[in-house]
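**Student:** If you want the building blocks of each chain, they are given just below.
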Amino acid sequence: MQTYLQFQQCMNNERKNIDLLRSGSHTAFNSLYESYSGLLYGFIYRLTRSHSKTKDIVQDTFLKVWLQREQIDPDLSFRAWLIKIAQNRVVDVFRQQWKNKMFETYLCETYESFISPEKSDSQIDFDDFLAALNQSKKKLSSRQKEIFELCKEQGLTAKETAELLSISEQAVYNYLSQALSILRKELSLYNPVFLLVLQIMF
Amino acid sequence: MTPFRQLMKKYIFLELTPFEIKKMKNMIQETDDESIANEIRELWNVYSHKLPLDATSMESIIKNKDPYFTFHPHENKVLSLLKNTAAVLFPIFFAFSIYTYVNMPETDRMPKDCIVSVEKGQQSTLILPDSTRVYLNSDSQLKYSSDFGISQRRIELTGEAYFEVAKNQEMPFVVSASNIDVKVLGTTFNINMSEDKKTIETSLLEGSVEVRNTITDKSVKLIPNQKAIYNTVTGLMTIAETDLIAETGWMYKELIFRSEPLPMVLKAIEKFYGCRFIVEGNYPKELFTGRFKQENIQDILQNLQEHYRFHYHKQGNEFTITFV
Numbered sequence: 047m048q049t050y051l052q053f054q055q056c057m058n059n060e061r062k063n064i065d066l067l068r069s070g071s072h073t074a075f076n077s078l079y080e081s082y083s084g085l086l087y088g089f090i091y092r093l094t095r096s097h098s099k100t101k102d103i104v105q106d107t108f109l110k111v112w113l114q115r116e117q118i119d120p121d122l123s124f125r126a127w128l129i130k131i132a133q134n135r136v137v138d139v140f141r142q143q144w145k146n147k148m149f150e151t152y153l154c155e156t157y158e159s160f161i162s163p164e165k166s167d168s169q170i171d172f173d174d175f176l177a178a179l180n181q182s183k184k185k186l187s188s189r190q191k192e193i194f195e196l197c198k199e200q201g202l203t204a205k206e207t208a209e210l211l212s213i214s215e216q217a218v219y220n221y222l223s224q225a226l227s228i229l230r231k232e233l234s235l236y237n238p239v240f241l242l243v244l245q246i247m248f
Numbered sequence: 192m193t194p195f196r197q198l199m200k201k202y203i204f205l206e207l208t209p210f211e212i213k214k215m216k217n218m219i220q221e222t223d224d225e226s227i228a229n230e231i232r233e234l235w236n237v238y239s240h241k242l243p244l245d246a247t248s249m250e251s252i253i254k255n256k257d258p259y260f261t262f263h264p265h266e267n268k269v270l271s272l273l274k275n276t277a278a279v280l281f282p283i284f285f286a287f288s289i290y291t292y293v294n295m296p297e298t299d300r301m302p303k304d305c306i307v308s309v310e311k312g313q314q315s316t317l318i319l320p321d322s323t324r325v326y327l328n329s330d331s332q333l334k335y336s337s338d339f340g341i342s343q344r345r346i347e348l349t350g351e352a353y354f355e356v357a358k359n360q361e362m363p364f365v366v367s368a369s370n371i372d373v374k375v376l377g378t379t380f381n382i383n384m385s386e387d388k389k390t391i392e393t394s395l396l397e398g399s400v401e402v403r404n405t406i407t408d409k410s411v412k413l414i415p416n417q418k419a420i421y422n423t424v425t426g427l428m429t430i431a432e433t434d435l436i437a438e439t440g441w442m443y444k445e446l447i448f449r450s451e452p453l454p455m456v457l458k459a460i461e462k463f464y465g466c467r468f469i470v471e472g473n474y475p476k477e478l479f480t481g482r483f484k485q486e487n488i489q490d491i492l493q494n495l496q497e498h499y500r501f502h503y504h505k506q507g508n509e510f511t512i513t514f515v
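Chains as they are written, first to last, in the numbering used here: chain A, 47 to 248; chain S, 192 to 515.
Chain A with its partners taken away, still in its complex shape (with noise of 0.2 Å):
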C-alpha cells in the first residue's frame, strides 16, 4: 500500500510536471530532465556502445522535448514519448555502428570484459576501441597494415587478399600473424582488456 501510494504520488507529479512544461516552465524541465537522463543515457549507451553518440542523441531528445513541449500529450506517459523522440537517431547509430567491421571485434571485447564483473561498470566505449587501434596500428609495417586493414577491417578472406595483392595466401597468414602479435602487444599497453580479446579473436 506504502509504495502504491509513492507510485501514485509520483504519477501525480509527472503529470503536474508535464503541465508546467507544455506552458513553458524551466522547473518542470529540470525535474524532469533529472528524472530521465540517466534512464535515457544508460539505455542508449548500451545499444549504441558510444559515449559521444550517446550525449548527442540525449542532448538532442531533451532539446526537442523543449521545443515541441506544447505537443505532449499530458495522458500518454512521458517516458513513452521519450522514446519516440529519440527512437530514429537511435536506429540510424545503432545500424551506423553495427555495419562498422571492427564492432563485431569490439563486442567480443566488451563480452569477455563483462565476465569479469568488476570491469562491466567502465567500460571502453567503441571510440575508444578505436582510437586506441588506430594508434597500435602506427607500429605495423606498410605491408602489415594493409594486409590487416583488408582482413579484419574490411573483411575479406585471406583468398581474396592474395588475389588482390597478387601474393601467396600463406604469405597473407603470415604478414597477419606478425600484425596481430605487434596489435596485441601494443594494445594491452592501452588496457590490458584488449589482450584477452585478440587472443580470443584472432
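These are calculated hints, taken from the structure and not from any lab test. Errors might be hidden in some of the hints.
Said to hold, decoys possible - Examples of chain S residues toward chain A, derived with CB under 8 Å:
hint, residue
1, LYS216
2, VAL237
3, HIS240
4, GLU397
5, GLN506
6, GLY507
7, PHE510
To be verified - Simulated DEER-style distance windows between Cβ atoms:
hint, chain 1, residue 1, chain 2, residue 2, range
8, S, ILE414, A, ARG61, 21 to 31 Å
9, A, ARG68, S, ASN236, 16 to 26 Å
10, A, SER123, S, ILE318, 31 to 41 Å
11, S, ASN508, A, ARG141, 41 to 51 Å
12, A, ARG68, S, GLU432, 30 to 40 Å
13, A, GLY201, S, GLN493, 36 to 46 Å
14, S, GLN493, A, GLU206, 18 to 28 Å
15, A, GLY201, S, HIS504, 36 to 46 Å
16, S, GLU225, A, THR203, 48 to 58 Å
17, S, SER385, A, ARG61, 34 to 44 Å
18, A, GLY201, S, VAL515, 16 to 26 Å
19, A, LEU210, S, GLN489, 33 to 43 Å
20, S, PHE514, A, GLN216, 54 to 64 Å
Glycine is no exception: its CB is placed at the ideal position from the N, C-alpha and C atoms.
Mind docking chain S on chain A? Use the hints.
**Tutor:** Showing chain S alone in chain A's frame:
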C-alpha cells in the same frame, strides 16, 4: 520472445557470445528500421530501469571524453542544455557578425528601410522593435521599415531565419519571402529559402502560421511540426511533416563559447575539428565569448588572433601556438 528480441536483450545486457554477435549482425541487416524501432521501444519499456547511469558517472564519463560539452547535473538544466546545444533561448551575439545598416534614399513621407544582412559563414541574432527575436543564418538578409512595430509588423527575408514572434493579436506579423507571405500572430517558426531560390520552406515549431502565395492568393495553415514547401518555379505548395531537427539544426550545430577560458576553447576546437594544438608560452587570462560555425581551423585561429596575441605554425594537423 522472438529470436531477434532475445538477441537484442542479450546485447543491451552485454551477454552476446561471439557466435551470437555474428547471428545478430545478420539479423539486423534483414530487419527494417521500423521493426528495430519497435524492439527498442519494447526494451525501453521493460528494461530501461535496470540500466540507468547515475549522474556522477554520467558526468565523469562525459567530462573525461569531452571537456567542453558537459552536463552539469546540479546546474540549471535548461541553461546548460540549451547553452551547449541550441541558441534558442540564449543567443550569443557573434562578435564578428557583420551588420550593415543601409539607409534607403529618403523621401519626406516614406518611412526608412532598415536592412540587416549576415555574410557567409556568419550568423546573427537580433531583436526587432516589437521584441520579436530573429536568428539570421549565414548569407541572409532581413529588411523592415522604420515604422515596424508602430503601424505594421512586416519584414522581407532572403535566406534563412528562425523567428520567435512576440504576441500581438492586433498586429499580425508578416514575413515576405519572394512571393509568399507568412502571416502569424505570435509563434516560433523557421523560414529557409534554398540557395538557388527555387524553394522556400516554412517550418512551424509552435503556434500557427498562415502561408500565402501572393500571386494566386491561395493560402495554407500549418500546425506545429509541419512545414510548407513552396516551389517558386512551379508555384506549387506542399505540406510535409517534420521533426524540425534538420530545419533548426543550423542554430546549434556549432561551437558556442560563453566566457570560457582559452584552454577550454582550444580543447573544444581540437575535438570538433580533429586537430591538435601545441601551446608555447602562457595562456592569456582573458575569457573568450563567441561562436564558430563549421569554418576551417585557420579561419578560427585568425579570428582568435583578433582577441589574443599569438603566432601559429601549421604542420599537417598540428598547430603550434606561441603566445607573445
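**Student:** For the hint on VAL237 (chain S), does the least C-beta distance to chain A fall short of 8 Å?
**Tutor:** Violated - the Cβ of VAL237 (chain S) stays beyond 8 Å from chain A, reaching only about 11 Å at its closest.
**Student:** For the restraint on HIS240 (chain S), tell me whether the closest CB of chain A is nearer than 8 Å.
**Tutor:** 7 Å, holds
**Student:** Does 54 to 64 Å hold as the CB distance between PHE514 (chain S) and GLN216 (chain A), or does it fail?
**Tutor:** 57 Å, holds
**Student:** Take the C-beta atom of GLY201 (chain A) and the C-beta atom of VAL515 (chain S), compute their distance, and say whether it sits inside 16 to 26 Å.
**Tutor:** 52 Å, violated
**Student:** Restraint: GLN506 (chain S) near chain A, CB-CB cut 8 Å. Satisfied or not?
**Tutor:** Since the shortest Cβ distance to chain A is 17 Å, the answer is violated.
**Student:** Would you check whether PHE510 (chain S) satisfies its interface hint, that is, whether its CB is within less than 8 Å of any CB in chain A?
**Tutor:** 20 Å, violated
**Student:** Can GLY507 (chain S) be said to touch chain A, with a Cβ gap under 8 Å?
**Tutor:** With a minimum Cβ separation of about 14 Å from chain A (threshold 8 Å), the hint on GLY507 (chain S) is violated.
**Student:** Given the hint of 41 to 51 Å, check if ASN508 (chain S) and ARG141 (chain A) actually sit that far apart at their C-beta atoms.
**Tutor:** Distance hint for ASN508 (chain S), ARG141 (chain A) is violated at roughly 30 Å.
**Student:** Taking the least C-beta to C-beta distance, is LYS216 (chain S) closer than 8 Å to chain A?
**Tutor:** 6 Å, holds
**Student:** Holds or violated: 30 to 40 Å for the Cβ distance of ARG68 (chain A) and GLU432 (chain S)?
**Tutor:** 21 Å, violated
**Student:** Taking 36 to 46 Å as the stated bounds, is the beta-carbon spacing between GLY201 (chain A) and HIS504 (chain S) within them?
**Tutor:** Roughly 41 Å apart at Cβ, these two residues keep to the hinted range, so it holds.
**Student:** With respect to the beta-carbon atoms only, verify the hint that GLY201 (chain A) and GLN493 (chain S) lie 36 to 46 Å apart.
**Tutor:** Holds, since GLY201 (chain A) and GLN493 (chain S) (Cβ atoms, about 44 Å apart) stay within the stated range.
The structure does not agree with the numbered hints 2, 5, 6, 7, 11, 12, 14, 16 and 18 stated previously, though it agrees with the rest.
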